[in-house]
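Peer 1: What follows is each chain in one-letter form.
Number of protein chains: 2
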Amino acid sequence: MITEQSITPLLQETQLASASVRQLTDEQKAALLHRIADLVLTNAALILTENGKDLDAVPDGDPKKDRLLLNEKRIVALAASLRAVAQLPDPTGQLLVERTLEQGLQLRKIAVPLGVVGVIYESRPNVTLDVASLCLRSGNACVLKGGKEAYYSNTILVELIHQALREAGVPEAAVSLLPPDRSVVQELLTATRYVDIIIPRGSESLIKFVRQHSLVPTIETGAGVCHTYVEQSADLEKARDVVVNAKVSRPAACNALDCILVDEAVAPRFLPMLVADFTKWNVEIFADETAYPILLEAQYPLLQKAQADDFGREFLDYKCAVKVVSDAEEALGHIQAYSSRHSEAILSQNTVLIDRFLSKVDAATVYANASTRFTDGEVFGLGAEIGISTQKLHARGPFALEKLVTEKWIVVGDGQTRW
Amino acid sequence: MITEQSITPLLQETQLASASVRQLTDEQKAALLHRIADLVLTNAALILTENGKDLDAVPDGDPKKDRLLLNEKRIVALAASLRAVAQLPDPTGQLLVERTLEQGLQLRKIAVPLGVVGVIYESRPNVTLDVASLCLRSGNACVLKGGKEAYYSNTILVELIHQALREAGVPEAAVSLLPPDRSVVQELLTATRYVDIIIPRGSESLIKFVRQHSLVPTIETGAGVCHTYVEQSADLEKARDVVVNAKVSRPAACNALDCILVDEAVAPRFLPMLVADFTKWNVEIFADETAYPILLEAQYPLLQKAQADDFGREFLDYKCAVKVVSDAEEALGHIQAYSSRHSEAILSQNTVLIDRFLSKVDAATVYANASTRFTDGEVFGLGAEIGISTQKLHARGPFALEKLVTEKWIVVGDGQTRW
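Just so you know, the protein sequences line up as chains A and B, in that order. To convert, note that position 23 of the first sequence is 23 in the working numbering; the numbers rise steadily by one, no gaps. To convert, note that position 23 of the second sequence is 23 in the working numbering; the numbers rise steadily by one, no gaps.
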């Protein structure tokens, strides 16, 4: 493990290598990913041995262990995922604008690779292949900063990628694995000369650190504080199913429900309808002052009075805030104040109110009569995603292959000047 | 002048007002800009009086004076520019994606306003109207931090905007002018809750400060270190005209030429061809060791030996670096190392080399056989621009009205869930 050493020479090499990746054709890029998939399968035993070294360092029972773990089944899935990315359409080369300017200049704008993508992530070794495959597919080089605990797993995976790159005549530095030290992060975040974009994948604290220290433009794939508003005209049976799904189907996901807003006209009927399912899933409810007595009377077992900071909170757990509102305006106001602008839903049969909600709510994804759990690159038809962007520049919502590009203006003339 | 006071309440109001601006129709937004143009014309005398107060504070002969100055002619131009923006197509509302997902969910992606745009700029009062008009046209609210020296001019212009907003039933806070104190900048740069994007317009040091301190995503409209490569097959007469134009037509512009790269095979013929024009315009040349004796023999009067840091330098003046290269590879390598990725040109008749240059050079705009001076939103057919972006996310090259938007995913269902 190299430490305390500048990573700038490596970043420089990666930037030089990015020129080679950029020149690859659609077919060459797809073939490269299929070759990596082959190598991953034929070297499964070696990968498992190296992964074992990482696992040995983690005490039994630590939840990290499952995040780190690779096994035969997961390796097969990794290879399948590489082949799936290989089959996605090449996002580069598209002609975005074409026009002739006044003096006869030919103007075109085309989609081109970003160049060098930096990704900082934590323990899951599958991220190494996910990110490398998306970057290579889109003609980008990448710099990977994985977690210390996945050192041996990441190293063998990147060695296999390097083998495929060598065979394809592309410099190995096209996919560079950084030493797994925190100390290199600062250098990476200020390498504006060599790195075009940085994507932090992981905990809120990692994302916050990157946002505060990066001079390189970043895409934030941040927290989801998601609301579902049960408007009084809603079909309450369907509303119950949607709310239960949004809360319990995968509470650790960023698109999971955090706060139910319900019209006061239907709260006394609707809230008791949640009791059976929420009790089954052990969902802890933080109820506002109007919802509390209703749920108390319905004998909901896991009931607490909501504190101010239970609103605007991303629970990532079997926990849920509930607030009764007097009308759609109050619901919209609450969402405006507390949403993290990830995924927001209205359940209603009033088309005027639905349109108003979809138009007024400022979020990456807005829903009418569906679970917020659908926010996902694969589900939206974009293929594998790097994350869900909650910022507004460049990519909003599922951040997938199609957005790993930038634009380039090309002007061809015959000696034109502009005085 | 209010100082030392938190600007957060004002930012909050602006964010609330952004919801009103977002709801305006195409026609309402256009009418609003025409109304501001009317008010600017009918209040020309008042504007000139207030502008005079700003001018009085600047000593005669200071170049700031011209940047600050408004006169009848400039006011007419301001109004015309407002009307031109009014006539640009509304960039919001476009349907970008439409598909039906597996479970019958209707998915759409549409272009929507960003929300609140923050702009930090320096002394020119015309920026106030430029930015406000582009933001309002695209359905955005904006927060303006102008220079202290333009305080009276900016204040009267924003008062006229407020009058038009009031008449249109839009809260005045949709266009908010911040106190002209440096102290408010830090608060603005960390207001991630209320401001969606910050654009610094001005000097390199302002841009650097914003990049280092902003937690709000920014668009850098940065420096242009622009090269023009005279390849040996170039039509040298045309090459001379292009090079002279790129250097002298407006040297203070970011798209002006900074460094000529010339093939050694043609350097002895080409460089002396520049002598007449460059002498006329008093262009100071910083020549590398091969170019120096050629220009010395041609008796170029303003000749110096280039120092290492003359390459990669943005001159913004009648100054130019010259380097002789052995071939296109060396030219590409030099550009890769020294370009600020703004505008780069090749002058050549070799179509293979032209294609190689246009494809390999990593810059916002690449040219074959034309002056880099064409890099401009108006020239490219985009209408008024906020600046030229040299970063790769969101907007690259001319950053105009069409990019003052983000995307929003809209999902409409009938009770669908995802387990």
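The reader is advised that the hints may include incorrect statements.
[Stated by the list, open to error] Some but not every residue of chain B turned toward chain A, in silico, with C-beta under 7 Å:
id, residue
1, Arg74
2, Gln307
3, Phe311
4, Arg313
5, His394
6, Glu407
7, Trp409
Calculated from the structure, these hints are not laboratory results. Virtual Cβ for every residue (Gly too), placed ideally from N, Cα, C.
Peer 1: Does each hint fit the structure? Answer for all of them.
Peer 2: Results of checking the hints against the structure:
no.	hint	verdict
1	Arg74	violated, 21 Å
2	Gln307	violated, 20 Å
3	Phe311	violated, 15 Å
4	Arg313	violated, 15 Å
5	His394	holds, 4 Å
6	Glu407	holds, 5 Å
7	Trp409	holds, 4 Å
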